[in-house]
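Trainee: Counting in the numbering used here, the sequence shown runs from 3 upward without gaps.
Hints listed in this document are in silico derivations from the structure and should not be mistaken for laboratory results.
Ideal Cβ placement from N, Cα and C applies to all residues, glycine included.
Do not rely on the hints blindly, as some may be mistaken.
Estimated spans, in silico, between C-beta atoms of each pair [to be verified]:
#1 L127 with M164: 25 to 31 angstroms
#2 G128 with S101: 37 to 43 angstroms
#3 D37 with S89: 21 to 27 angstroms
#4 R70 with I134: 19 to 25 angstroms
#5 R132 with G79: 34 to 40 angstroms
#6 P130 with W66: 18 to 24 angstroms
#7 V129 with A107: 28 to 34 angstroms
#8 D18 with S89: 30 to 36 angstroms
#9 G40 with D111: 19 to 25 angstroms
#10 H108 with F24: 30 to 36 angstroms
#11 M102 with V129: 29 to 35 angstroms
#12 P136 with R115: 18 to 24 angstroms
#13 D19 with D90: 18 to 24 angstroms
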Amino acid sequence: MLKRVRTRRGAAVQVDDKLLDFFKRPLMCIIAAADETGHPSAGRGVGFHIFDDRETIDVIFSSWQWPRLETSVRQTGRIAATFVSPSDYVSFQLKGAASMRETEAHDIDCADRFIAAATGELEALGVPGRIITPWLTAREAKVVRLSVSEIYIQTPGPLAGMLAFARPR
Numbered sequence: 003m004l005k006r007v008r009t010r011r012g013a014a015v016q017v018d019d020k021l022l023d024f025f026k027r028p029l030m031c032i033i034a035a036a037d038e039t040g041h042p043s044a045g046r047g048v049g050f051h052i053f054d055d056r057e058t059i060d061v062i063f064s065s066w067q068w069p070r071l072e073t074s075v076r077q078t079g080r081i082a083a084t085f086v087s088p089s090d091y092v093s094f095q096l097k098g099a100a101s102m103r104e105t106e107a108h109d110i111d112c113a114d115r116f117i118a119a120a121t122g123e124l125e126a127l128g129v130p131g132r133i134i135t136p137w138l139t140a141r142e143a144k145v146v147r148l149s150v151s152e153i154y155i156q157t158p159g160p161l162a163g164m165l166a167f168a169r170p171r
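Construct all of the structure, not just a fragment, from the sequences and the given hints.
Mentor: Structure follows, in structure tokens:
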């Protein structure tokens with residue numbers, strides 16, 4: 003499912019075609035980080051873009067809704083981003099080095115598409131739109147760039163928590 007590649011940054015994990023297909027589904031996203039004292043911070047991602055190198059991903063979040071995330075990323079330079087398919091709970095967590103970058107117009111477009119897809123999926127599952135709206139906002143959008151070094155399976159079941167490229171014994 004994944005392959006390790008050597009880069010100037012060291013070991014990286016590259017997303018393969020199968021996992022790339024997963025990222026084309028309507029998804030939900032949770033971003034987690036810790037500040038320099040180890041205090042955790044988490045928030046909801048509202049968009050993402052996977053780079054052509056398949057080892058870098060930009061994740062968009064609302065700094066208005068999740069104000070501590072940016073500070074934590076700037077202090078420690080690490081995040082974990084968990085992506086979940088609401089329809090079947092297939093889930094993957096990506097971890098690695100992270101940095102903040104300036105938000106651009108295309109990031110807002112990406113967030114709008116993500117929010118529309120996630121909202122449509124959740125409504126199809128019976129979640130009322132009035133409940134979803136407060137969860138998903140791109141207000142004061144920020145972008146964190148993740149250099150992926152680990153990917154874990156988070157789908158409930160016997161493989162949960164395993165490295166995505168590892169095989170069970």
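Trainee: Now look at each hint and say whether the structure bears it out.
Mentor: We went through each hint and held it up to the structure:
Between L127 and M164 the CB atoms are about 27 angstroms apart, so this pair conforms to the stated range of 25 to 31 angstroms. Our hint of 37 to 43 angstroms for G128 and S101 holds, since their Cβ atoms are close to 39 angstroms apart. Separated by about 34 angstroms at the C-beta atoms, D37 and S89 break the suggested range of 21 to 27 angstroms. Hint check: R70 to I134, Cβ distance near 23 angstroms, so the stated range 19 to 25 angstroms holds.
In this structure the supplied range 34 to 40 angstroms holds for R132 paired with G79, their Cβ-Cβ distance being about 38 angstroms. At roughly 23 angstroms, the beta carbons of P130 and W66 sit within the given window of 18 to 24 angstroms. Taking 28 to 34 angstroms as the suggested C-beta distance range, the pair V129 and A107 conforms, at roughly 30 angstroms. The hint said 30 to 36 angstroms for the Cβ distance between D18 and S89, and at roughly 22 angstroms that hint is violated.
For G40 paired with D111, a C-beta distance near 36 angstroms fails the hint of 19 to 25 angstroms. Checked against the hint of 30 to 36 angstroms, the pair H108 and F24 fails, with Cβ atoms roughly 22 angstroms apart. For M102 and V129, the Cβ-Cβ distance of about 31 angstroms falls inside the hinted range of 29 to 35 angstroms, so the restraint holds. The hinted window of 18 to 24 angstroms between P136 and R115 holds, with their beta carbons roughly 19 angstroms apart.
D19 and D90 have their C-beta atoms about 19 angstroms apart, which keeps the hinted 18 to 24 angstroms range intact.
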